[in-house]
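J.: Respectively, the protein sequence lines represent chains A and B.
Under my numbering, the letters of the first sequence match residues 25 to 391, in that order.
Under my numbering, the letters of the second sequence match residues 39 to 410, in that order.
The set of hints was computed from the structure by calculation and includes no laboratory data.
Watch out, some of these pointers could steer you wrong.
Claimed, not checked - Listed below are the simulated DMTMM-like cross-link pairs for lysine to aspartate or glutamate, each with C-alpha atoms no more than 25 Å apart in a straight line:
(1) B/Lys131 x A/Glu367
(2) A/Lys134 x A/Glu82
(3) B/Lys112 x B/Asp179
(4) A/Lys384 x A/Glu223
(5) B/Lys86 x A/Glu329
(6) A/Lys90 x B/Asp179
(7) A/Lys139 x B/Asp179
(8) A/Lys139 x A/Glu108
(9) B/Lys112 x B/Glu122
(10) A/Lys220 x B/Glu242
(11) B/Lys243 x A/Glu221
(12) B/Lys86 x B/Glu125
(13) B/Lys83 x A/Glu100
(14) A/Lys101 x B/Glu349
(15) B/Lys83 x A/Asp127
(16) A/Lys90 x A/Asp127
(17) A/Lys69 x B/Glu349
(18) B/Lys83 x B/Asp289
(19) A/Lys222 x B/Glu49
(20) B/Lys153 x B/Asp91
(21) A/Lys222 x B/Glu242
(22) B/Lys100 x A/Glu182
(23) B/Lys198 x A/Glu82
(24) A/Lys90 x A/Glu108
(25) B/Lys83 x B/Glu106
(26) A/Lys130 x A/Glu89
(27) A/Lys69 x B/Glu81
(28) A/Lys69 x A/Asp42
(29) A/Lys90 x A/Asp133
(30) A/Lys101 x A/Glu89
(31) A/Lys220 x B/Glu49
(32) A/Lys69 x B/Asp359
(33) A/Lys222 x A/Glu89
(34) A/Lys192 x B/Glu349
(35) A/Lys72 x B/Asp203
(36) A/Lys139 x A/Asp127
(37) B/Lys83 x A/Glu329
(38) B/Lys100 x B/Glu183
(39) B/Lys215 x A/Glu329
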Amino acid sequence: MKRFLGFVVKEFYHIFRDYRTLLILFGLPAVQLLLFGFVITNEIKNAKIAILDQSRDEVTRRISEKVLSSGYFILEKNLRSSGEIGQVFRQGNVKLVLIFGPDFAKNLDKTGNAKVQIIGDASDPNTANILVNYIQGILSNYIISLNAEKIPLQIIPEVRMLYNGQMKGVYMMVPGLMAMLLMLISALMTSLSITKEKELGTMELLLVSPLKPVQIIIGKVFPYVFLAFADACIIIILGNTVFGVPVVGSVALLLAESFLFICMALSLGILISTITNSQQIAMMISLVALMLPTILLSGFIFPVENMPLVLQWFCHIMPPKYFITIIKSIMLQGNGFRHIAFETGILAGFTLLFIFISVKKFRIRLA
Amino acid sequence: MRTLLFIIQKEFLQIFRNRGMLPIIFVVPIVQLLILVNAATFEMKSIKVSVVDLDLSSSSRKLISKYEGSPFYKVVQTTFSNDEAMEFMQSGKVDIIIRIPNGFERQLVRENHAKVQFVINAINQAVAGLSSAYSTSILIDFNRELMQDWLSPSQMAGLKNIQTDYSYWYNPKLNYKTYMVPGILVLLVTIIGLLLSGMNIVREKEIGTIEQINVTPIRKIQFIAGKLTPFWIIALFELAFGLTIGKLVFDIPMVGNLWLIFMSGGVYLFVILSVGLLVSTVTNTQQQSMLVTFFFMVVFILMSGLFTSIESMPDWAQKLDRLNPLMYFIKIMRMVLLKGSAFADISPHFWSLVVFAIILSSLAVWRYRKVA
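Put together the whole structure using the sequences plus the hints.
T.: Shown next, in the form of structure tokens:
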């Protein structure tokens, strides 16, 4: 036991004396959360548009004013002919062109019907879709104001946003960032620290020491449990104090689940380091094969249900997906253990599986 | 010149003799392109709905059948109890609850307006925004049909109307993949370039072979250039390979001039590799180098406009983003490939990249010390 403690102390020295790594490990979550909490939104404001007004009468002017004062749009250019549309789109700033046909006010007065054409730059399809929807909304409000007497048979949608009433992007970032960083620290750092000993040749020294292989491995991963746990707490606290992301459910449960995920990631890191002997390859595997799927195949940004079926199967074997579901469930929806028992079981299963494979592999290597 | 060729040859040998690295350089990005482009989609396919119809009138049923008939929605629960619906929402089995209150039809006829309630899971606000837009637009369509069915022509004629016509240029079907492929391609080339170069010099430091180079007469600029060139060639090749796959598999349009892409790509990769080499000269271990690289990469990627639009970021962030080379190249790729922009259109972005390339490569040369 004393030997083992000595080994753990050695590992701690390894980490704490490399102050640059340490700085990044703790600076990373803080900076990323702050940056993305403030920066990343999907709400579109101040989109640049161009207007091609062929009638230039009072009504079109009033509609243009309504559109531009909505806060969503900024006028970049007044066009003179439809030939200019392609040109402004190719320059890339203008996202949408609004076209009023000739004799707009006259048509509206006489026939009660006038025409507006909206052209969106769908090289960015989502933005185009949303902007066109905005303009249509503004126009239909204007139509209602035109018809002073009540329009019959109006169905009014009443939308209530649950769990995130102010529609903040940071609510989605906190669970995602936690999964990402715990994965990074636990899986990546452990696999690197073990392969590094192999690369430098010091692994041989450890293997001939009286420490058992199991003790070596546990000693190796031990400090990272602390680091990862500290990072998880930093994210939760920052998210709560700076951005007001609540922890609706039980904090203890949240921490327990985080601990389970850390164990899973650590065992994955050990597995990676038993497969390869070089830091570079361990890193490439962790980064390329783990990080991007953690970001994209976990339901962190893009919902799993929208993906093609084959990819959905892939998503189901991604541990971060279950962890993110768990965190959202506890933190934002305030659920208890009953709702997340299934996901917890799966994470535990992954952990056991990875440990089992690494133990097998490790024995073979020693022989 | 010969010295330069020798070091380039050495680097190439080192790359191609490393069995573990080769598949990572060539196979993984392609697999990722195929997977990620399919994964990164906001196209709603199955919004899971719980219907609480307390009215049970013919109009409420007709409205619900609109949602049932839409390919975007999947009705997973029909119930009369709000609590049951909320329980489904709480356990994540449904994304939206559509609630039609008792007396909906009666109110519509007598008071000329009635309400339908949508309760949406908004944890992911982007998804919530889109599904709210879909749901209300179906409601609006239904409302229009209802008016046409129930109102006499004379009643309709009394109403003033502005007819809106909309069209989407460059991507009329709003195919999200067309938008993502050029961006993800930039992402993959960046990751590979940054990692290869970021780990390179520092690896020689760790293994100790840097000493051997430090005692040769090679000049600093030759050393950096020799390190940079092989990765530059590999990354450009990968860009070409990725574009081919984009064309063959995803059928993305290539409206513009491909030479523009490769010219900007060449400059862009020069920037990225210089960043990598700079990190590599500043750090002492591969672990440090990787963490630094990772840190910058994530910031660059998330601010690049790949997943979220740059215009919606706050003003200071947009100013800060001018230091982000990824943002420029993603813009160039999308503009040239999808819209056929000419050099004049992309020139501000292009020259910014050139300035980055000059500054960062000189920094890398300056920071590299031949003394241990």
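J.: With a cut-off of 25 Å on the C-alpha distance, tell me whether A/Lys139 and A/Glu108 pass.
T.: It holds: about 20 Å lies between the C-alpha atoms, which stays within 25 Å.
J.: Given the hint that B/Lys83 pairs with A/Glu329, test it: the Cα-Cα distance must not exceed 25 Å.
T.: Holds: B/Lys83 and A/Glu329 sit about 7 Å apart, inside 25 Å.
J.: Given the proposed pairing of A/Lys69 with B/Glu349, does the C-alpha separation stay at or below 25 Å?
T.: Given pair A/Lys69, B/Glu349 holds - Cα atoms ~7 Å apart, limit 25 Å.
J.: Between A/Lys90 and A/Glu108, is the straight-line Cα distance small enough, at 25 Å or below?
T.: holds, 24 Å
J.: Hinted pair, alpha-carbon criterion (25 Å max): A/Lys220, B/Glu242. Please report holds or violated.
T.: Judged against 25 Å, a Cα distance of about 14 Å means the pair holds.
J.: Just to be careful, I want the Cα atoms of B/Lys83 and A/Asp127 compared with a cutoff of 25 Å; is the pair within it?
T.: violated, 41 Å
J.: Holds or violated: A/Lys90 and A/Asp127, Cα atoms, limit 25 Å.
T.: holds, 19 Å
J.: Are the Cα positions of A/Lys222 and A/Glu89 separated by 25 Å at most?
T.: Roughly 69 Å separates the two Cα atoms, so the pair is violated.
J.: Given the hint that B/Lys112 pairs with B/Asp179, does the C-alpha gap stay at or below 25 Å?
T.: holds, 19 Å
J.: Is A/Lys101 close enough to B/Glu349, meaning Cα to Cα at most 25 Å?
T.: holds, 17 Å
J.: Has the given pair, A/Lys130 with A/Glu89, been kept, meaning a C-alpha gap of at most 25 Å?
T.: Measuring from Cα to Cα gives roughly 19 Å; hence the hint holds.
J.: Given the proposed pairing of A/Lys90 with B/Asp179, does the C-alpha separation stay at or below 25 Å?
T.: holds, 24 Å
The structure fails to meet hints 13, 15, 28 and 33 from the earlier list, while all remaining hints are met.
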